[in-house]
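Novice: Every letter in the sequence shown is one number past the one before it in the numbering used here, and letter 230, counting from 1, is 292.
Simulated from the structure, these hints should not be mistaken for laboratory data. Since the structure is predicted, the reported quantities are computational estimates derived from the model, not experimental observations. Note that CB positions come from ideal geometry on N, CA and C, so glycine has one too. Among the hints, erroneous ones may be present.
Straight-line alpha carbon distances no greater than 27 Å define the calculated DSSO-like cross-link-like pairs of lysine-lysine that follow [claimed, not checked]:
| # | residue 1 | residue 2 |
| --- | --- | --- |
| 1 | 432 | 201 |
| 2 | 239 | 207 |
| 3 | 251 | 121 |
| 4 | 203 | 239 |
| 5 | 201 | 239 |
| 6 | 206 | 296 |
| 7 | 121 | 171 |
| 8 | 171 | 251 |
| 9 | 201 | 296 |
| 10 | 171 | 203 |
| 11 | 251 | 203 |
| 12 | 296 | 251 |
| 13 | 203 | 296 |
| 14 | 296 | 207 |
| 15 | 206 | 251 |
| 16 | 296 | 432 |
| 17 | 407 | 80 |
| 18 | 121 | 179 |
| 19 | 121 | 239 |
| 20 | 251 | 179 |
| 21 | 201 | 179 |
| 22 | 121 | 201 |
| 23 | 239 | 206 |
| 24 | 239 | 296 |
Cβ pair distances, simulated, as ranges [to be verified]:
| # | residue 1 | residue 2 | range |
| --- | --- | --- | --- |
| 25 | 107 | 70 | 19 to 27 Å |
| 26 | 406 | 336 | 18 to 26 Å |
| 27 | 120 | 376 | 27 to 35 Å |
| 28 | 406 | 261 | 24 to 32 Å |
| 29 | 66 | 334 | 36 to 44 Å |
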Amino acid sequence: MDFRLTDEQIQLRETARKYARAELGDIARHCEETSTPPSRDLIRQYGDMGFLGVNIPQKYGGLGLGNLEALLILEEFAKISSAVAFPIFESCVGPVKAIEHFGSEALKKRIIPAVCKGEAVVAIAMSEPDAGSALTDLKTKAVKKRDSHILDGNKRWCSGGGHADAYLVYCRMSGDKGARGIGAVCVEKDMDGLSFGPQEDLMGFRGIPSSDIYFDNVEIPEENVVVHAGGFQKLMEAFDLERCGNGTMALGQASGALEDVLQYVQDRRQFGKPIVDFQAVQLRLADMQMKVEAARLLVQRVACNTEHGLPSVLDSSVAKCFANETAREVTGHAVQLMGAYGYAKAYGMERRMRDAWGWGIAGGAIDIQKINITAAMIGRRFNQRA
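Taking the hints into account, I'd like the entire structure generated from these sequences.
Specialist: Next up, the structure:
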């Protein structure tokens, strides 16, 4: 078991780090202040530099590298902000991977190369007003009609809603109850009957669009069916990889906060000396470092163990849950260490803390992950309805 990165992986990480730190600071602030996502020109620049679809096969326009390489890049961008990292998240661990694994060849060739070039953005649409953690209660329905499916219903909390070019929509595709009736289709933005609610005004995640989505007799061609009814387990296996991306986005808030506050405590002087010379500060920094390193190792373990498939729910939930809790704790400590500077918007640390809380809600809340972990440990699901 070798925990060392290869020379190529180190070079890839450093390239991403240099680019992100040199080019994205002002853009991240603009996204935060205006609640607007990165421009399409910037996303195309990501594509030109190979930052999109890192772990997508070369035949679809990706780099053909592994999940670990994708997460190494994602963390460096997430250290700058969630908003500037989100296009990479969506292209490497989001719905694009589900399309790659389960979609028709025609759909793959139409959607995935465009994402890798930065010419298209794909979002995922899962939650509904009465189906969030209880995802198998979803009511959005796709009914078979000759050579297509007619989609009706609505989705809540879609990150990318109103901004993306296509949406992977979890929906009910048969009359079977629960998970057995659920599949997924790809809805493209120019399809008739697709509309959006107003953009949400969230505590964090500014620069990551979020809105309701409405489907009114949207006609979905057969080639846009990603998973038919009965394939819910496949969808959740793909979503386990997204949990690793979520954990990496949370990790980026924590590791970025630690890097920034480490510099701050060496520069900031009180009582005639740098505050890092105070033992209380040293103890807190050590705790932060331990948590960040542990979160990174858990996330990277999943990435390394899934180079030839999709991760297990146990490993991905452990990594996501620990990284989520670490991000909240570490960014909170960083705000406290910086005092008024940490609390001030001008210095960016309070944004990291707000985003850290968001990652512990998105993609399956922390408590749900703990239920998943225990269920995987004992080998059976718990009936939450009993």
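Novice: For every hint, state whether the structure bears it out.
Specialist: These are the hints, each one checked on the structure:
Note on residue 432 and residue 201: the hinted pairing holds, with a Cα-Cα distance of about 26 Å set against a maximum of 27 Å. With a C-alpha separation of about 20 Å, the suggested pairing of residue 239 with residue 207 holds against the 27 Å cut-off. Pair hint residue 251 plus residue 121 holds up; C-alpha atoms about 25 Å apart against a cutoff of 27 Å. Distance hint between residue 203 and residue 239 is fulfilled; the C-alpha atoms sit about 12 Å from each other, no more than 27 Å.
With a C-alpha separation of about 11 Å, the suggested pairing of residue 201 with residue 239 holds against the 27 Å cut-off. Taking the CA atoms of residue 206 and residue 296, the gap is near 21 Å; set against the 27 Å cutoff, the hint holds. Between residue 121 and residue 171, the direct Cα distance comes to roughly 9 Å. Compliance with the 27 Å bound is thereby established for this hinted pair. The suggested pairing of residue 171 with residue 251 holds, with an alpha-carbon distance near 17 Å, which does not exceed 27 Å.
Under the criterion of a C-alpha separation no larger than 27 Å, the hint pairing residue 201 with residue 296 is consistent with the structure, at around 19 Å. Between residue 171 and residue 203, the direct Cα distance comes to roughly 26 Å. Compliance with the 27 Å bound is thereby established for this hinted pair. Proximity of residue 251 to residue 203 is assessed by CA-CA distance (about 18 Å); at most 27 Å being required, the pair is judged to hold. For the given pair, residue 296 sits about 25 Å from residue 251 by alpha-carbon distance, which is consistent with the 27 Å threshold.
Proximity of residue 203 to residue 296 is assessed by CA-CA distance (about 18 Å); at most 27 Å being required, the pair is judged to hold. Under the criterion of a C-alpha separation no larger than 27 Å, the hint pairing residue 296 with residue 207 is consistent with the structure, at around 24 Å. At roughly 21 Å between alpha-carbon atoms, residue 206 and residue 251 fall within 27 Å of each other, so this suggested pair holds. Annotation: proposed proximity of residue 296 to residue 432 holds, straight-line Cα distance about 21 Å (limit 27 Å).
A C-alpha spacing of about 24 Å is found between residue 407 and residue 80, which places the hinted pair at or below 27 Å, so the restraint holds. For the suggested pair residue 121 and residue 179, the alpha carbons sit about 13 Å apart, so the restraint of at most 27 Å is met. With a CA separation close to 38 Å, the supplied pair residue 121 and residue 239 exceeds the 27 Å bound. With a C-alpha separation of about 18 Å, the suggested pair residue 251 and residue 179 falls inside the 27 Å cut-off, and the hint holds.
The hinted pair formed by residue 201 and residue 179 fails the criterion: a straight-line CA distance of about 34 Å is larger than 27 Å. Between residue 121 and residue 201 the alpha-carbon distance is near 36 Å, which puts this suggested pair outside the 27 Å criterion. Between residue 239 and residue 206, the direct Cα distance comes to roughly 17 Å. Compliance with the 27 Å bound is thereby established for this hinted pair. Taking the CA atoms of residue 239 and residue 296, the gap is near 17 Å; set against the 27 Å cutoff, the hint holds.
In this structure the hint that residue 107 and residue 70 lie 19 to 27 Å apart at CB holds, the actual value being about 22 Å. Between residue 406 and residue 336 the CB atoms are about 20 Å apart, so this pair conforms to the stated range of 18 to 26 Å. At roughly 31 Å, the beta-carbon separation of residue 120 and residue 376 lies within the given 27 to 35 Å, and the hint holds. Under the hint 24 to 32 Å, the C-beta atoms of residue 406 and residue 261, about 26 Å apart, fit the expected range.
Checked against the given bound of 36 to 44 Å, the beta carbons of residue 66 and residue 334, roughly 42 Å apart, stay inside it.
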